[in-house]
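Trainee: Start from the sequences, fold in the hints, and give me the full structure.
Using the numbering used here, the letters of the sequence shown correspond one by one to residues 1 to 231.
Bear in mind the hints are in silico, worked out from the structure with no lab data behind them.
Predicted, not measured: the structure shown is a model, and the values here were computed from it.
Any given hint could be a false lead.
[Said to hold, decoys possible] Below, simulated SDA-like cross-link-like pairs (lysine to any residue); rule was C-alpha separation at most 20 Å, straight line:
no., residue 1, residue 2
1, K116, P167
2, K27, K195
3, K78, D171
4, K78, E55
5, K25, Y183
6, K63, S79
7, K116, Q76
8, K195, R37
9, K27, A208
10, K63, D108
11, K78, R175
12, K195, Q211
13, K78, Y112
14, K25, G193
15, K63, Q35
16, K32, L69
17, K27, P66
18, K116, T165
19, K195, L24
20, K116, V164
21, K195, Q35
22, K27, V164
23, K63, K78
[To be verified] Distance ranges between label pairs, derived from CB positions:
no., residue 1, residue 2, range
24, P123, Q84, 24 to 32 Å
25, R189, V127, 42 to 50 Å
26, V213, N31, 23 to 31 Å
In this text, a Cβ means the ideal position worked out from N, Cα and C, and glycines have one as well.
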Amino acid sequence: MSYFDPLYFVFALPALLLAFYAQLKVKGAYNKYTQVRNLRGLTGLDAAQAILRPEGLSDVTVKGVPGTLSDHYNPQDKSLGLSQGVAQQPSVASLAIVAHEIGHALQDHTAYAPLKLRSAIVPAVQVSPWIAYGLFALGAFLNSSALLGLGILVFSATVVFALVTLPVEFDASRRGLRLLQTYQLVDGRELQGAKAVLDAAALTYVAALAQSVATLLYYVFRFTSIGRRRN
Numbered sequence: 001m002s003y004f005d006p007l008y009f010v011f012a013l014p015a016l017l018l019a020f021y022a023q024l025k026v027k028g029a030y031n032k033y034t035q036v037r038n039l040r041g042l043t044g045l046d047a048a049q050a051i052l053r054p055e056g057l058s059d060v061t062v063k064g065v066p067g068t069l070s071d072h073y074n075p076q077d078k079s080l081g082l083s084q085g086v087a088q089q090p091s092v093a094s095l096a097i098v099a100h101e102i103g104h105a106l107q108d109h110t111a112y113a114p115l116k117l118r119s120a121i122v123p124a125v126q127v128s129p130w131i132a133y134g135l136f137a138l139g140a141f142l143n144s145s146a147l148l149g150l151g152i153l154v155f156s157a158t159v160v161f162a163l164v165t166l167p168v169e170f171d172a173s174r175r176g177l178r179l180l181q182t183y184q185l186v187d188g189r190e191l192q193g194a195k196a197v198l199d200a201a202a203l204t205y206v207a208a209l210a211q212s213v214a215t216l217l218y219y220v221f222r223f224t225s226i227g228r229r230r231n
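Mentor: And the structure:
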């Protein structure tokens, strides 16, 4: 069964435009500061090696991952995944991205509560949008407020995940910038460039939250409209 309501765009369009703008900002900042060589000539891998052990993260392993901007920290196996460009390029962008991901490793090491919460709800978030859409489509087709209400409840997990992600990502960037300063890996101008890269990345998470909230508001609108028709 397939169901699509053009009214959804009324709610979703502003968030979609914000997401598009955020992606442009990320690519622009990354492309710009990938071309700016840091004064110490450190690659992302060099930076990781300079920070991990002194920060008490010697159990974190560094491994290569395919793709661009695919860098991440995995709390399940304590691994820092670095893309080839970040690992091998001595750029300001490489330092910013590595420091941010080590910020996540520090969150894991210190049992940072928002990170633990986000990790706990990942399994639910992986399936909740699809289940919610199925319930919503069926509820709209059958004019069932009960199914729509259940769809809203299920989709709420996605909104919670997007909301919790904000402090996790902002805190990781704050920690990352502090690490770059503590270990004197950047000068003042390079620190501003690193912050520009991380601020652009943060906007993508704001956009993700906006998209989730827009979808939830649409579901709530349809739920209330069915209730009004019945009354």
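Trainee: For each hint, tell me whether it holds in the structure or not.
Mentor: We went through each hint and held it up to the structure:
1. K116 - P167: holds (12 Å)
2. K27 - K195: Given pair K27, K195 holds - Cα atoms ~14 Å apart, limit 20 Å.
3. K78 - D171: holds (18 Å)
4. K78 - E55: Roughly 14 Å between the alpha carbons, so the hint for K78 and E55 holds.
5. K25 - Y183: It is violated: about 28 Å lies between the C-alpha atoms, which goes past 20 Å.
6. K63 - S79: Roughly 7 Å between the alpha carbons, so the hint for K63 and S79 holds.
7. K116 - Q76: holds (11 Å)
8. K195 - R37: holds (15 Å)
9. K27 - A208: Distance ~16 Å between K27 and A208 Cα, so the pair holds.
10. K63 - D108: This hinted pair holds, its Cα atoms lying about 18 Å apart.
11. K78 - R175: Between K78 and R175 the Cα gap is close to 18 Å, so the pair holds against 20 Å.
12. K195 - Q211: violated (25 Å)
13. K78 - Y112: holds (15 Å)
14. K25 - G193: The given pair, whose Cα atoms are some 13 Å apart, holds under the 20 Å limit.
15. K63 - Q35: violated (23 Å)
16. K32 - L69: holds (14 Å)
17. K27 - P66: holds (17 Å)
18. K116 - T165: Holds. K116 to T165 sits at ~11 Å (cutoff 20 Å).
19. K195 - L24: Judged against 20 Å, a Cα distance of about 16 Å means the pair holds.
20. K116 - V164: holds (10 Å)
21. K195 - Q35: Holds, because 16 Å separates the two Cα atoms, which is no more than 20 Å.
22. K27 - V164: Violated - the C-alpha atoms of V164 and K27 are around 24 Å apart, more than 20 Å.
23. K63 - K78: holds (11 Å)
24. P123 - Q84: 24 to 32 Å: holds (30 Å)
25. R189 - V127: 42 to 50 Å: holds (45 Å)
26. V213 - N31: 23 to 31 Å: At roughly 30 Å between Cβ atoms, N31 and V213 fall inside 23 to 31 Å, so the hint holds.
Of the hints listed earlier, those the structure fails to meet are numbers 5, 12, 15 and 22, in rising order.
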